[in-house]
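Colleague: Top line first, the protein sequences correspond to chains W and X.
The opening position of the first sequence corresponds to residue 1 in my numbering, with each subsequent residue numbered one higher.
The opening position of the second sequence corresponds to residue 1 in my numbering, with each subsequent residue numbered one higher.
The hints are simulated quantities; they were obtained by calculation from the structure and are not laboratory data.
Heads up, some of the hints might be wrong.
[Stated by the list, open to error] Rough simulated footprint, nothing fancy, chain X against chain W, three-plus residues with beta-carbon under 8 Å:
#, stretch
1, 35 to 44
2, 51 to 63
3, 66 to 75
4, 132 to 146
C-beta: ideal position from N, C-alpha, C; glycine also.
Listed below are the residues making up each chain.
2 protein chains.
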Amino acid sequence: MTDAATMLDIAVDEARQGLAEGGIPIGAALFGPDGTVLGRGHNRRVQDDDPSTHAETAAFRNAGRRRHYRDTTMVTTLSPCWYCSGLVRQFAIGHVIIGESTTFHGGHDWLTAHGVQITILDDQRCIALMRDFIATRPDLWFEDIGE
Amino acid sequence: MTDAATMLDIAVDEARQGLAEGGIPIGAALFGPDGTVLGRGHNRRVQDDDPSTHAETAAFRNAGRRRHYRDTTMVTTLSPCWYCSGLVRQFAIGHVIIGESTTFHGGHDWLTAHGVQITILDDQRCIALMRDFIATRPDLWFEDIGE
Chain W
1 MTDAATMLDI AVDEARQGLA EGGIPIGAAL FGPDGTVLGR GHNRRVQDDD
51 PSTHAETAAF RNAGRRRHYR DTTMVTTLSP CWYCSGLVRQ FAIGHVIIGE
101 STTFHGGHDW LTAHGVQITI LDDQRCIALM RDFIATRPDL WFEDIGE
Chain X
1 MTDAATMLDI AVDEARQGLA EGGIPIGAAL FGPDGTVLGR GHNRRVQDDD
51 PSTHAETAAF RNAGRRRHYR DTTMVTTLSP CWYCSGLVRQ FAIGHVIIGE
101 STTFHGGHDW LTAHGVQITI LDDQRCIALM RDFIATRPDL WFEDIGE
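Kindly generate the complete structure, drawing on both the sequences and the hints.
Modeller: Structure below.
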């Protein structure tokens, strides 16, 4: 069993890697029931000119094909947007660990209502990453959430 | 202005191309306000070993980065699952044209409740494509919707 803070560290590493590449600093990882990393990734809008690769989608894609997800945990640095919340609901990912929901409040309440376990960590590294990024590149951030 | 049936033909072409490649026969296209195809694509789970590329995500990705989507129309051969419905809601795509919702009923009622215009065509080609596919490859179909 891996604790939530240790799992979040991997998502934070991904977010920082994305920032270092000139991208949007949001990272995620999908874990199996034994704490194994199945897939990890970060937002790739800027890097690949790809609006569809949010961090959660990147981690989900990199985990490859699976028969089911109910015993998996998605860890993400930021509250998942509707697109990523829809991913969690459709594939019945059992648990979502969220670094912070202060700078953006996505669909995690909806996920709770549909039986997904939600853990919010209020992590100061995650808040600082997004706060600084939104202040520096509001254009990229609002493009990424379609606002 | 392009009519809904003509727009759906492009999504059906994509679905048939996916089937010919050995994949899941669901296709989609994103159109601009003048009827221009911005992006088109089909489900690529089998072809790319990629669980994240549903048809709507493929069309959205292939359209590239845009500042907003409110005047765009997503055409898809099948009612969008929660993942693809979340995509439509997050990026505020204004209109979704759906080939059929008989073989699968996804999140389109939720989209209607959130102000998205929904048009369902009850297209017999789309129904036949999915009915035959589900009968032939139920394993792939249930994997694709996480059931």
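Colleague: Hints first: check each against the structure and report whether it holds.
Modeller: Hints and how they fare:
With 0 residues carrying a beta carbon less than 8 Å from a beta carbon of chain X, the stretch 35 to 44 of chain W misses the three-residue requirement, and the given coverage is violated. Given as covered by chain X, the stretch 51 to 63 of chain W passes the check, having 7 residues with a CB less than 8 Å from a CB of that chain where 3 are the minimum. Beta-carbon proximity to chain X at under 8 Å applies to 4 residues in the stretch 66 to 75 of chain W; the threshold of 3 is reached and the given coverage holds. For the stretch 132 to 146 of chain W, the assignment as covered by chain X holds, since 3 residues bring a beta-carbon within under 8 Å of that chain's beta-carbons and 3 suffice.
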